[in-house]
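*Asks:* Sequence:
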Amino acid sequence: MLEKAIQVTRKEPYTHVQYARFADDMVILINSHPQHTWLARAVEQRLREELVKLRVEINEEKSKIVDLANGGSFTFLGFEYRRILGRNRKWRAYYAPKMKKRTALLAKLKEIFRQNISQPVERVIEQINPILRGWVNYFAVGDSSECFSFVRDWVEKKVRGHLMRAREQTGFGWQRWSRKWLYGKLGLYKDYRLRRPWSLLKVQPVESVP
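By the working numbering, the letter at position 46 of the sequence shown is numbered 269, and the numbering carries on one by one without gaps.
Treat the hints with caution; some may be incorrect.
[As the list claims (entries may be wrong)] Simulated restraints on C-beta separations:
| id | residue 1 | residue 2 | range |
| --- | --- | --- | --- |
| 1 | M322 | E345 | 24 to 34 Å |
| 2 | K323 | R418 | 44 to 54 Å |
| 3 | P343 | E283 | 50 to 60 Å |
Derived by calculation from the structure, the hints in this document are not laboratory data. Because the structure is a prediction, the values reported are computed rather than measured. Glycine residues also receive a C-beta, built at the ideal position from the N, C-alpha and C atoms.
Based on the sequences and whatever the hints tell you, model everything.
*Replies:* Now the structure itself:
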């Protein structure tokens with residue numbers, strides 16, 4: 224049904240309806256031009272009709288209609304989506320890790336530090352590196368630089384604090400250990416580069432339907 228809607232409403236080179244689905248989570252994007260107001264209502268109605276046939280219920284608490292053109296945002300697969308003005312003064316999609324996802328990551332890492340408070344720092348790094356690598360690789364396709372900087376600095380301070388406690392001292396040892404030493408000698412994970420596909424940068428979602 225959605226594939227048909229894409230083709231029927233397409234006006235080259237523009238697509239007025241698009242969607243993304245993963246398991247039972249779905250986002251439908253609709254052009255926000257005033258002449259397409261009816262389209263949002265029509266798509267929602269048809270979607271509900273099709274789901275009734277399949278005996279699938281919509282989670283009304285988690286489903287909503289969002290107008291990105293008026294500052295709205297929505298979340299999907301761990302990212303929060305909204306639109307911003309780019310450096311070229313054109314609107315573009317902006318998607319960064321949800322704050323909830325960052326908080327969950329830090330809580331998981333904090334627990335590892337707590338459980339290994341009396342262990343050598345190398346053992347701690349051995350456990351947190353795979354977690355950081357997986358988390359960063361997943362979110363590296365988004366506008367995650369600010370979030371990555373926060374995570375990197377947080378982890379670095381935790382490692383420094385661990386080193387200082389092992390010497391029964393307080394502080395973070397800023398003068399004692401250089402950042403180069405932490406990432407080079409200890410092997411702390413450091414690859415926080417973004418890897419955004421160029422095709423995603425051209426997406427301009429403006430309205431979502433449950």
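*Asks:* Are the hints correct? Go through all of them and say.
*Replies:* Quick rundown of the hints versus the structure:
1. M322 <-> E345: 24 to 34 Å: holds, 31 Å
2. K323 <-> R418: 44 to 54 Å: violated, 22 Å
3. P343 <-> E283: 50 to 60 Å: holds, 51 Å
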